[in-house]
Every structure is written in structure tokens, then in C-alpha cells.
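Novice: Could you put the whole structure together from the sequences, leaning on the hints where they help?
Spelled out from the first residue to the last, the chains are:
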Amino acid sequence: MKKVSLSTSSPIGFAIAAVCILGAIGLGVYVSRQDGAYPSSDSGSIDAEVVHMASTVGGRLIALPVHVNQAVKKGDLLYRLDPEPYELAVRQAEANLALAAAEVENQKRLLAVKTANAAVAQDQTTRAQTNHDLAARTVERLKPLAGHAYIPWQQYDQARVALNDAAVSLAQSHQQASAAQIAIGDLKSSLAAQQAAQAMLDQARYALRQTTVIAPTDGYVTSLRVKEGEILAPSQVLFTLVANDTWYASANIREITLHAIAPGDCATVYSMIDRHTPLHGHVESIGWGVASLDSAGLARGLPLVPREMDWVHVAQRFPVRIRLDPADPRLLRLGATATVEIRHGEACH
Amino acid sequence: MLRSFIRPTSICSTLLLGGCAVQGAPSFALVGAYFPDWMLCGMIGIAVAVTLRVVFVLTGVDALLSLRLFTYLSLGVITALLAWLIWFGP
Chain W
1 MKKVSLSTSS PIGFAIAAVC ILGAIGLGVY VSRQDGAYPS SDSGSIDAEV VHMASTVGGR
61 LIALPVHVNQ AVKKGDLLYR LDPEPYELAV RQAEANLALA AAEVENQKRL LAVKTANAAV
121 AQDQTTRAQT NHDLAARTVE RLKPLAGHAY IPWQQYDQAR VALNDAAVSL AQSHQQASAA
181 QIAIGDLKSS LAAQQAAQAM LDQARYALRQ TTVIAPTDGY VTSLRVKEGE ILAPSQVLFT
241 LVANDTWYAS ANIREITLHA IAPGDCATVY SMIDRHTPLH GHVESIGWGV ASLDSAGLAR
301 GLPLVPREMD WVHVAQRFPV RIRLDPADPR LLRLGATATV EIRHGEACH
Chain S
1 MLRSFIRPTS ICSTLLLGGC AVQGAPSFAL VGAYFPDWML CGMIGIAVAV TLRVVFVLTG
61 VDALLSLRLF TYLSLGVITA LLAWLIWFGP
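Residue numbers (the UniProt record's numbering), protein chains in the order written: chain W, 1 to 349; chain S, 1 to 90.
Please keep in mind that the hints were generated in silico from the structure rather than gathered at the bench.
All residues carry an ideal CB built from backbone N, CA and C; glycine is no exception.
Among the hints, erroneous ones may be present.
Derived, one-sided and incomplete: chain S residues facing chain W with beta-carbon distance under 10 Å [to be verified]: (1) Val31; (2) Ala63; (3) Arg68; (4) Leu73; (5) Leu75; (6) Gly76; (7) Ile78; (8) Trp87; (9) Gly89.
Specialist: Next comes the structure, spelled out in C-alpha cells:
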């Protein structure tokens with residue numbers, strides 16, 4: 001076998017080596033700049049919004065027309081709880097309202113009676129005043145006659161007593177009139193009771209409506225594992241609805257390349273369910289915060305600072321949210337692995 | 001003059017490389033795991049460097065070279081970077 005010398009020192013050899021090394025360095029710098037200017041991530045995921053379906057009221061599940069993984073449209077019936085207790089509550093509230101309304105009518109009648117009583121008391125005052133005036137005039141008239149003994153003193157005394165009597169009656173009738181006026185009162189308390197009963201009825205009707213749960217958005221039913229007959233507590237989640245109106249991709253991008261990303265930038269997203277179909281999307285926003293292990297600060301107390309002397313620090317990554325254009329629904333599953341290329345790739349030419 | 005030279009070459013290279021363009025995501029599934037594009041480019045670089053070494057030894061070009069380790073390393077790096085630029089670059 002021919003022996004190859006390892007220590008050739010021809011100028012051509014050095015020249016070739018220099019060209020190759022410089023070329024590699026130059027290309028390396030160029031590629032590194034391109035990579036920084038056009039960020040990409042192969043650890044993204046397909047994302048969508050979810051609704052945890054629950055009712056604000058509890059009860060027995062009596063109708064469940066949907067099944068797991070089913071697609072539903074906005075407004076579709078998802079499930080129904082036993083409405084009977086809530087119907088009974090509505091009837092009770094209706095009866096309470098009728099009672100309150102009857103009480104208002106009762107109070108109106110009482111008010112009319114009291115008003116009439118007050119009027120009677122006022123008339124009594126007038127009568128007492130008239131009687132008092134007459135008694136006073138009688139005393140005035142009899143006084144000179146009694147002084148000249150034209151009439152017996154007895155008669156004059158009787159007139160004076162009658163005047164005192166009339167004065168007492170007048171004062172009493174005044175007091176009675178003002179008491180009757182005060183006693184008239186108003187309908188405020190019974191009207192307020194009626195309003196309270198009306199609010200209770202509205203509340204009962206609202207609770208009755210909550211026994212029927214409809215789809216708030218188009219979506220897919222997921223993690224549903226129960227059937228009719230299940231008893232649900234108020235606000236207990238029965239299943240999760242994955243919203244199908246808008247899909248997103250979430251890609252974690254290193255902070256050193258975030259400067260090259262702005263909301264509105266075109267993005268090519270591949271769902272790894274089919275890595276040959278590019279999905280078109282736009283950067284919607286960049287996450288404003290992530291939890292950092294270095295600053296694991298408790299709500300109260302002192303910050304936890306580990307003792308360390310690391311020389312190499314791995315770059316932090318922030319989630320970039322990409323809104324996808326409508327695409328083949330078979331490629332869109334919440335949590336699917338996604339490859340994201342921002343401002344380049346098949347969909348951004 | 002320069003312009004008329006660049007245009008045909010760029011068209012040629014586009015035609016040549018267009019056929020090689022990798023369609024799809026820059027991430028490859030292998031036995032249930034995804035491998036990144038740069039790993040494939042690195043493999044290509046290593047393979048090309050080894051192949052070049054064999055070819056140069058057989059053709060006698062190797063005898064002209066000095067600083068062989070650096071030369072072949074650089075050739076491998078250049079191949080890997082070019083492969084990345086052509087197939088996966090922006």
C-alpha cells in the first residue's frame with residue numbers, strides 16, 4: 001500500500017487549507033446571522049382555547065345528547081340537569097310574589113280606611129271648635145246677667161263648666177286628628193316586599209334556565225367520561241370543550257432572536273400530524289412573562305437565591321402565539337407538536 | 001457584464017437546487033421521535049468529508065494538501081452549512 005505523507009508543506013496545500021478554513025468561518029457567520037434573523041422552533045405546539053363546561057347550578061344529569069370527541073356547533077344543547085327542583089322553586093317564588101301583591105292591595109285598602117278616619121277626625125275638630133266657640137259666647141253672655149243676679153249663679157257655673165268641657169274636647173280632637181294623620185302611613189314597605197318577591201322569582205327563573213347548558217362556541221367535546229344519572233355539584237366541570245373557531249400555534253423562541261419577531265409577521269407552521277402540509281399564520285403576540293427558577297420568590301419572605309458560579313447561562317425562551325388561518329381540521333389537535341418558521345418557510349413566500 | 005454572468009448562474013442554481021428542496025417541516029420523524037434539520041446537515045457534512053478524504057487519497061490530490069485535519073473539517077463544515085442554507089434556509 002502506498003504510504004501517504006502527513007507532513008507535506010507545499011504552498012498550494014496551505015493556500016487550499018486557508019481558503020477552506022476562511023470559507024467555513026465566513027459561511028458559519030452568515031448562517032448564524034440568517035438563523036438569528038429568521039427564527040424558528042421545532043418544539044412548538046398546536047393550541048386552542050378551551051371552555052370547561054359546567055353549570056352554575058347542581059343536580060342530576062338527565063339528558064346528555066353529546067358524546068366524547070363530537071363536534072358541536074354554537075347553540076347546540078350539550079346537557080340538561082333535572083329541572084324539577086328549580087321549577088318548584090319558581091312556583092314557590094311565584095306564590096310569594098302573589099302573596100306580596102295581595103299584601104300591597106291589603107295595604108291600599110287599609111290606607112283608604114285610615115285616610116277616611118283622618119278626615120273624620122278633622123271634622124270632629126271643626127265640631128269641637130264650634131262647640132267651644134258657642135260655650136265661650138254663652139259664658140260671655142251670662143257673665144253680666146249673673147253679676148246683676150238676673151239669672152241664678154248655678155246657670156252661670158254650668159255654662160263655665162260647659163266651656164271647660166268644650167276646651168278639653170277641642171284639645172283632644174286636635175290630638176286625635178294629628179294622630180290619625182300620622183297613622184295613614186304609606187305603601188313603601190309592602191311595595192318593597194313585592195319587589196323583593198319579584199327579584200326572588202327572577203332568580204329562581206334564572207336558576208331554572210341554568211339547568212340547560214348550550215355550546216358557547218363551535219368546538220369539540222373532550223374528556224367526557226360520564227353518562228346520564230351523574231349528580232353534579234354547582235360549577236362542577238362535566239367536560240372540556242375545545243373551541244374550534246380559532247386555532248393557534250405556540251412556539252418558544254429564545255430571547256436573543258425575539259427582536260426579529262413582531263406581531264403581524266407571517267409564519268409557516270407544520271403540524272407534525274402531517275409534516276408535508278404547511279399552515280399559514282401570523283404572529284399575534286409574544287408572551288410578556290415566564291416563571292423563572294432563579295427568582296423563585298415566595299409571596300412572603302425572602303427571595304430564594306441559590307449559591308452558584310455558572311459561567312454559561314442558557315437563553316430564556318418566551319412563548320410566541322401564532323394565529324393560524326383556517327386549515328384542514330385533521331391537522332389541528334390541541335397539543336400536537338408543531339414546527340414554526342417565522343418570516344420564512346413554504347407559506348410565507 | 002457582471003450582471004449578465006450572475007443571472008444565468010442564479011437561474012441555473014435555482015433549477016438545480018429546486019429539485020432537491022426538502023418539502024415539509026424541518027424536523028424528521030424517526031422511530032417515534034423528531035430529529036432536527038441541523039442534525040441531518042451535520043451527518044451529511046461528516047459523510048462528505050469522509051468521502052472527499054477517500055476520493056482525494058485515491059486520486060492523489062491528498063498529497064498536495066497540508067493541514068489536512070483542518071482542511072477536511074472545513075470542507076465538512078462548508079458542506080453542512082450549504083446543505084442547511086439550500087434546504088432549510090430562509
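Novice: Indicate, hint by hint, whether the structure satisfies it.
Specialist: How the hints compare with the structure:
| no. | hint | verdict |
| --- | --- | --- |
| 1 | Val31 | violated, 14 Å |
| 2 | Ala63 | holds, 6 Å |
| 3 | Arg68 | holds, 7 Å |
| 4 | Leu73 | holds, 8 Å |
| 5 | Leu75 | holds, 6 Å |
| 6 | Gly76 | holds, 9 Å |
| 7 | Ile78 | holds, 5 Å |
| 8 | Trp87 | violated, 12 Å |
| 9 | Gly89 | holds, 6 Å |
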